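J.: Using the sequences and the accompanying hints, generate a full structural model.
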Amino acid sequence: MNTALSWIKAYVPDLDVTPQEYTDAMTLSGTKVEGYECLDKNLEKIVVGRIEKIERHPDADKLIVCQVDIGTETIQIVTGAPNVKEGDKVPVVLDGGKVAGGHDGGPLPEEGIKIKKGKLRGIESNGMMCSIEELGSSRDMYPLAPESGIYILPEDTPAGADAVEVLGLHDTVFEYEITSNRVDCYSVTGIAREAAATFHKKFIAPVITPTGNSEDIHDYLKVSVEDKKLCQRYCARMVKNIKLAPSPEWMQRRLAASGIRPINNLVDITNYVMEEYGQPMHAYDYDLIAGHEIIVRCAKDGDTFQTLDGQVRNLDHTVLMINDGEKEVGVAGIMGGENSKITDDVKTMVFEAACFDGPNIRLSAKKIGLRTDASGKFEKGLDPNNAQAAIDRACQLVEELGAGEVVGGMIDVYPEKRQERRIPFHADQINKLLGTNIDKQDMLEYFSRLELGFDQESSEVIAPTFRQDLERPADIAEEVARFYGYDNIPTTLPSGEATMGGLPYKLRVEQTAREIAEFCGFHESMTYSFESPKVFDKLLMEEDSPLRRAIEISNPLGEDFSIMRTTPLHGMLNSLSTNYNRRNKNVRLYELANIYLPKALPLTELPDERMQFVLGAYGEVDFFDMKGVAEEFFDKAGMSKKPHYDPQAQKPWLHPGRQANIIYDGKTVGYLGEIHPDVADNYKIGEKAYIAVLDMPELLKCTTYDRKYTGLAKYPSVTRDISMVVPKSIMVGQIEDVIEQRSGRILESYKLFDIYEGAQILAGHKSVAYSITFRAGDRTLEDKEVNKVMEKILHGLRGLGIELRA
Amino acid sequence: MKDQLEKIKEEAVRQIEASEALERLNEIRVAYLGKKGELTSVLKGMKTVAPEDRPKVGQMVNEAREMIEAKLEETRQALAKKAREAQMKAEVIDVTLPAKKANVGHRHPNTIALEELERIFTGMGYEVVEGPEIEYDEYNFTKLNIPEGHPAKDEQDTFYINKEIVLRTQTSPVQARTMEKGVLPIRMISPGRVFRSDEVDATHSPSFHQVEGLVIDKNITFADLKGTLAEFARELFGEETKVKFRPHHFPFTEPSAEMDVSCFKCGGKGCRFCKGTGWIEILGCGMVHPHVLEMCKIDPEKYTGFAFGVGLERIALLKYEIDDMRLLYENDVRFLKQF
Numbered sequence: 019m020n021t022a023l024s025w026i027k028a029y030v031p032d033l034d035v036t037p038q039e040y041t042d043a044m045t046l047s048g049t050k051v052e053g054y055e056c057l058d059k060n061l062e063k064i065v066v067g068r069i070e071k072i073e074r075h076p077d078a079d080k081l082i083v084c085q086v087d088i089g090t091e092t093i094q095i096v097t098g099a100p101n102v103k104e105g106d107k108v109p110v111v112l113d114g115g116k117v118a119g120g121h122d123g124g125p126l127p128e129e130g131i132k133i134k135k136g137k138l139r140g141i142e143s144n145g146m147m148c149s150i151e152e153l154g155s156s157r158d159m160y161p162l163a164p165e166s167g168i169y170i171l172p173e174d175t176p177a178g179a180d181a182v183e184v185l186g187l188h189d190t191v192f193e194y195e196i197t198s199n200r201v202d203c204y205s206v207t208g209i210a211r212e213a214a215a216t217f218h219k220k221f222i223a224p225v226i227t228p229t230g231n232s233e234d235i236h237d238y239l240k241v242s243v244e245d246k247k248l249c250q251r252y253c254a255r256m257v258k259n260i261k262l263a264p265s266p267e268w269m270q271r272r273l274a275a276s277g278i279r280p281i282n283n284l285v286d287i288t289n290y291v292m293e294e295y296g297q298p299m300h301a302y303d304y305d306l307i308a309g310h311e312i313i314v315r316c317a318k319d320g321d322t323f324q325t326l327d328g329q330v331r332n333l334d335h336t337v338l339m340i341n342d343g344e345k346e347v348g349v350a351g352i353m354g355g356e357n358s359k360i361t362d363d364v365k366t367m368v369f370e371a372a373c374f375d376g377p378n379i380r381l382s383a384k385k386i387g388l389r390t391d392a393s394g395k396f397e398k399g400l401d402p403n404n405a406q407a408a409i410d411r412a413c414q415l416v417e418e419l420g421a422g423e424v425v426g427g428m429i430d431v432y433p434e435k436r437q438e439r440r441i442p443f444h445a446d447q448i449n450k451l452l453g454t455n456i457d458k459q460d461m462l463e464y465f466s467r468l469e470l471g472f473d474q475e476s477s478e479v480i481a482p483t484f485r486q487d488l489e490r491p492a493d494i495a496e497e498v499a500r501f502y503g504y505d506n507i508p509t510t511l512p513s514g515e516a517t518m519g520g521l522p523y524k525l526r527v528e529q530t531a532r533e534i535a536e537f538c539g540f541h542e543s544m545t546y547s548f549e550s551p552k553v554f555d556k557l558l559m560e561e562d563s564p565l566r567r568a569i570e571i572s573n574p575l576g577e578d579f580s581i582m583r584t585t586p587l588h589g590m591l592n593s594l595s596t597n598y599n600r601r602n603k604n605v606r607l608y609e610l611a612n613i614y615l616p617k618a619l620p621l622t623e624l625p626d627e628r629m630q631f632v633l634g635a636y637g638e639v640d641f642f643d644m645k646g647v648a649e650e651f652f653d654k655a656g657m658s659k660k661p662h663y664d665p666q667a668q669k670p671w672l673h674p675g676r677q678a679n680i681i682y683d684g685k686t687v688g689y690l691g692e693i694h695p696d697v698a699d700n701y702k703i704g705e706k707a708y709i710a711v712l713d714m715p716e717l718l719k720c721t722t723y724d725r726k727y728t729g730l731a732k733y734p735s736v737t738r739d740i741s742m743v744v745p746k747s748i749m750v751g752q753i754e755d756v757i758e759q760r761s762g763r764i765l766e767s768y769k770l771f772d773i774y775e776g777a778q779i780l781a782g783h784k785s786v787a788y789s790i791t792f793r794a795g796d797r798t799l800e801d802k803e804v805n806k807v808m809e810k811i812l813h814g815l816r817g818l819g820i821e822l823r824a
Numbered sequence: 004m005k006d007q008l009e010k011i012k013e014e015a016v017r018q019i020e021a022s023e024a025l026e027r028l029n030e031i032r033v034a035y036l037g038k039k040g041e042l043t044s045v046l047k048g049m050k051t052v053a054p055e056d057r058p059k060v061g062q063m064v065n066e067a068r069e070m071i072e073a074k075l076e077e078t079r080q081a082l083a084k085k086a087r088e089a090q091m092k093a094e095v096i097d098v099t100l101p102a103k104k105a106n107v108g109h110r111h112p113n114t115i116a117l118e119e120l121e122r123i124f125t126g127m128g129y130e131v132v133e134g135p136e137i138e139y140d141e142y143n144f145t146k147l148n149i150p151e152g153h154p155a156k157d158e159q160d161t162f163y164i165n166k167e168i169v170l171r172t173q174t175s176p177v178q179a180r181t182m183e184k185g186v187l188p189i190r191m192i193s194p195g196r197v198f199r200s201d202e203v204d205a206t207h208s209p210s211f212h213q214v215e216g217l218v219i220d221k222n223i224t225f226a227d228l229k230g231t232l233a234e235f236a237r238e239l240f241g242e243e244t245k246v247k248f249r250p251h252h253f254p255f256t257e258p259s260a261e262m263d264v265s266c267f268k269c270g271g272k273g274c275r276f277c278k279g280t281g282w283i284e285i286l287g288c289g290m291v292h293p294h295v296l297e298m299c300k301i302d303p304e305k306y307t308g309f310a311f312g313v314g315l316e317r318i319a320l321l322k323y324e325i326d327d328m329r330l331l332y333e334n335d336v337r338f339l340k341q342f
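The listed protein sequences correspond, in order, to chains L and E.
By the count of the numbering used here, the first sequence reaches residue 824 at its end, each step adding exactly one.
By the count of the numbering used here, the second sequence reaches residue 342 at its end, each step adding exactly one.
The set of hints was computed from the structure by calculation and includes no laboratory data.
Computed from a prediction, not measured in an experiment: that's the story for all the values here.
Honestly, I wouldn't trust all of these hints.
What the hints assert, rightly or not - Straight-line Cα separation of at most 20 Å, SDA-like style, residue types lysine to any residue; simulated pairs: (1) E:Lys-305 - L:Lys-603; (2) E:Lys-278 - L:Tyr-54; (3) L:Lys-395 - L:Asn-20; (4) L:Lys-603 - E:Asn-106; (5) L:Lys-450 - L:Asp-460.
T.: Below is the structure:
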C-alpha cells in the first residue's frame, strides 16, 4: 500500500518527522515501511514564472524567446514548447537549479539534471520552463498537464512562489507492507491512527457532516438480503442529478500517489473513500436497476455473468451476487456487472457499502478467477461498522465537489450489529509472557493511544470493532510489546529442564552416506521433488511399471512440475546432462532426497516417502567404481556382511548386460548399472554414464554403529593360489560363494588376482585366479588341514564345470 | 713374524684407505680377517713358533685384527655417510610439482548451512525432528491456526494434491505433530523441504528448505526468544552481529516478530548488500499462539513457548553471496566445487 505523507498528516496534523525517522519508528511499532520516495527529489531552484512577452527566435522556426517574471526580476528564456502563451504561469527552473527528469518521461536519473544558463541558437536563455515529466511526475498524477509541453499553473499563482510547493510536490510517498491481520491498516485513516500512536500525536478522524436532501431513499429503492451470513451489512445511498467532471487536484494527487489513476469525480470519490476508510464501495446506475430493487443472494449452479471488464464468468451456488428485480447485476464484493455499469450518461446512481463474508469472497474470487482491489480487502474480513462512515463520507464528498444531489436517508440492512470485543487484561500475565516488568499504568497508556477502551471494574480491554485482530490476552500482549518497544524487551536464555538434543539415527546414517560419497569424489546435488509425467517415457520405463503410478499435483506450475517423483533418476540424469552440456568433465554427483510412493491412488492417506541415496557419474568411472562407493558406504555404516549382486535387475533404463540389484542379507537394498545408451541419448549425455540407487529405509535396518574388536591374529596364515579355467557363463560371485561355503571357519579372506579371456584359453571359457588365505585363531594351521579344505573347494568348483589350469 | 704382521697391517690400512665402496671393504675384511685371510694364515703358522712365544704372538695377531677391524669400521661409517649423502643429492624432487589429490566431493551449500544450524541448535539442547513433505492440510494449516478461508492460505500459494492433502508450505506441521505427542518440555528444530507455487526466478523457487524451531516449557518468555535468536545470529554470522526485532504477524504466533541482523558485509554502516539500511532480514518468530497450544492439547495457562522459522536458501545465499537461487538446483559442478 502506498500513501502520501501529506494525506496522513491530514489526520495527524502535528506529525513532524523526517522520512527516515518515520520509516524507522513506524517499522518498529509494527507498520512496516518498505521504502519511500521524496517527490521533490532533485527539484532545486524552481519558481513560478509569469510569461510577460513571447517573440519568435530570429534563427530558429521552432523556438520562441520568452520574457518571464520570476517575482524578483524578469529573465529571458528560450523554449521549444508549443503550448505557452503570454500571461501563463509556469514552473521555471533557474540557472544552477535541478530538475528530476527529461521531458520524455523516461526513467529518472539518480542525480537529476542540472540546468545552466546558455545560448540557444545564439540567443541567451537563463533558465528552463518545466513540463510535469521534468518535475519527476506524470500526467497520471496531474491530468491537467498537456500531453507534451510546459505545465501551466493556475492563473492566481503568484510569480516568484515556490513552484514545487504550489504543485504539492514537497511530499513523500511511503510504501507499506501491511500484515494480513491488520485489515484496518489497509486504509489511510488506519495508518494515520498507528502513526499518531507511534509518535504520541493526536489522531483527528475526518469530520463527516450530515448530507442529503429532504427526500427518502426508501421511496426510490428496496434492498433485501437473503443470505445474511454472507452479507453481514448492506448500506445504500443515492445521488441524483449527477454532474460528471474531473475531481479537484488535491484529490487527484492523493489518488495518484496511492497508485490510482484519477478518472472523474464519481469514480474518484469511490476510490478516495476506499483508500481513506479501507471500505470498498460500488456504484450502480439507478436507471439500469430493474424494479428499483436490490437482492443479495447466491448464484445458481451453471449461471454465467459478464463482469464490467467484459469477461464472462462461470458461477455456482456459493458465489454471492447482487441482483436487481430481474437479473444479476454484480458479483458481490468482487466486481460489478457490464449490465449496470456507470456510463457518462448516468443521471442517478446508487452507492453500495457492504460487508461481505471474507472467506466466501476469497473462495469466490478464486472460483471465478478474478481478484480485485475490493475483493482483496473484503477477503480479510471488514468491520461492518465502518460501512456507514464510508458511505456518508462519500456522500459528503459528492456534495462538496458538486457532483450531484444526495438523496436523503440510507438503506441499512444490518441484522446483527458487530459488538466491541472485551478481552481480559492482567498486567502480570503480560509481563510473564514477555519477560518484562512493565508498569500497568504504562500499558493502559498504550491502550489509550491505540483507542482501546479499558473497563477498570472487570479489568477488560475493550477492542473497537475496527481492531478485529484483537481476540485474546496474547494479542493484547503484542500491543503492549510493540509500544513498549521490542528492542526494550530484555534478552535471556530459557531456563528450566535441560534437554538432550541431537540428531535422530536416520540423519546420522545420511551423514555417513554424504561423507562416503564425498570421499569417493561425488558432489552433492539437489533437484526438485516434482517433475513431468513424460520422464517415464524418457527413462524407457515399462508401461505397467508401478513407478508410473505417481501422485499428481492438482494445481502444478505446469506439466513439467506436475507429479511427485517416484524415482530419483530423472533429477540425477538431468543434472548430469546439464553438466555434460556445459562441457564439464568427469562429473560425479549424489543426492539424498525423497521419492513419494502412493499407497493408493487417488491419495487417501499420506504416501510412503522413501529417502533415496542416488549416485550418478560420467567420465573416468565405471560400473565397479559405483559398486565400490556402495560397498564403502556399507562398511562405514556397519553392514559387515557380504552384499550380493543379482544381474537380473530388469531395469529398462540400464544397459541390459551391465546392471545389478544389490542384495544385502537377502533383501534388495538398491541397484546400480550403466545408463542404457538410448536413455543417455534422451538426456543428451554423450558418454557412458553410471548410476547407483540405494533405498535408505531398507538399508537403515541393516546399519549399526556398534563395533566389537576381535583381536589381532597371533598365529600365521597359509595362502594358496588357484588358477582356473571357467565357463564364461559362470560369474566370479559363484566361485566366491563356493569358496565361502566350503572353507569353514578357517577362511580368512580371498582375492581375485587375475582374470583373462583370450587366445590361450579354451573357447567359451575364461581364466580366473584366486588367492585364498586361511588362518586359525588358536593354532598354527597344518598343511594337511588346509589341503583338505582346498580339496573341498575344488570339488565344489568342479561342480560348476570349472577345472584347475594345468 | 713381527715384521710380517707389521707388513700385513700396513698393507691392510693402505687398502682400506684406498677403498671407495662398501663392497670393497668387505673384500678386504675377507682377505685379511676371513677364514683364509692373511691374519688367519699367520695364526696357522703358530705351530712353528716356540710354545713360550705363542701367547705373545697371539696377542700381536689379536692386536693387528682389532686394529684392522677398527679401521674397517671407521671407513665403513665414512663411506656409508658419503653414500647416503650422494643418495640424498640424487633424490631431490621438485616440490612444486602438482599434488596427487583424491578429488574429494563437495557438499551442497544448503546442506552446509543446514549443518551449521543443526550444530548451533543441537548444542543448545535442541532435537532435530523430521516429518512428511506431503502433509495433511490439517497439520499444515488448521492446527497452526490457519483455518479454512484464512488469507494466509492464499499468501502461501499452496500446491494441493487434493482437498485434504498438500505439499507442505512450511515445516511447522512437524511441530504440531511433536506437540500432539504431549512429551514436554520440547526443544526442537525441524529442517526440510517445503513447497510454494512461486515461479522459478533469481529469488524464488517452488521448492526450498526451511528450518523451524520450537521451544515449549514452563515460563518461556519473549525475552527468551530474543536471547536465543540473538545467540544463534552471533554463532552463525559472527560475534559482532547485532539483531533487531520488528513486530510482524504470523497466524501461528502472538506476539510475532521478524528478526533482522546487522549487515555482515558492512557491519551495519549500510551498503549495496543491505540496500543501505545496515540490516538484513533473516527470520520470522514469535510466542506460540495459545490457540495452537490448545489444539495440540497443551494447557496455555501452564506452558508457553516460542517458535521461529528460517529459510535455508536465504541463509546460504546471504552467507556465500550467491546471487541467483537457480544455481542451487542446477548442480553445475563448477558451482558445487566452490563450497
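J.: All hints, please: hold or fail.
T.: Outcome of the hint check:
1. A distance of roughly 61 Å separates the Cα atoms of E:Lys-305 and L:Lys-603; the hinted pair therefore is violated under the 20 Å criterion.
2. Restraint check for E:Lys-278 and L:Tyr-54: the C-alpha separation of about 13 Å stays at or below 20 Å, so the hint holds.
3. Distance check on the hinted pair: L:Lys-395 and L:Asn-20 sit about 15 Å apart at the alpha-carbon level, within 20 Å; holds.
4. Between L:Lys-603 and E:Asn-106, the direct Cα distance comes to roughly 13 Å. Compliance with the 20 Å bound is thereby established for this hinted pair.
5. Simply put, L:Lys-450 and L:Asp-460 have alpha-carbon atoms about 16 Å apart, close enough for the 20 Å limit, and the pair holds.
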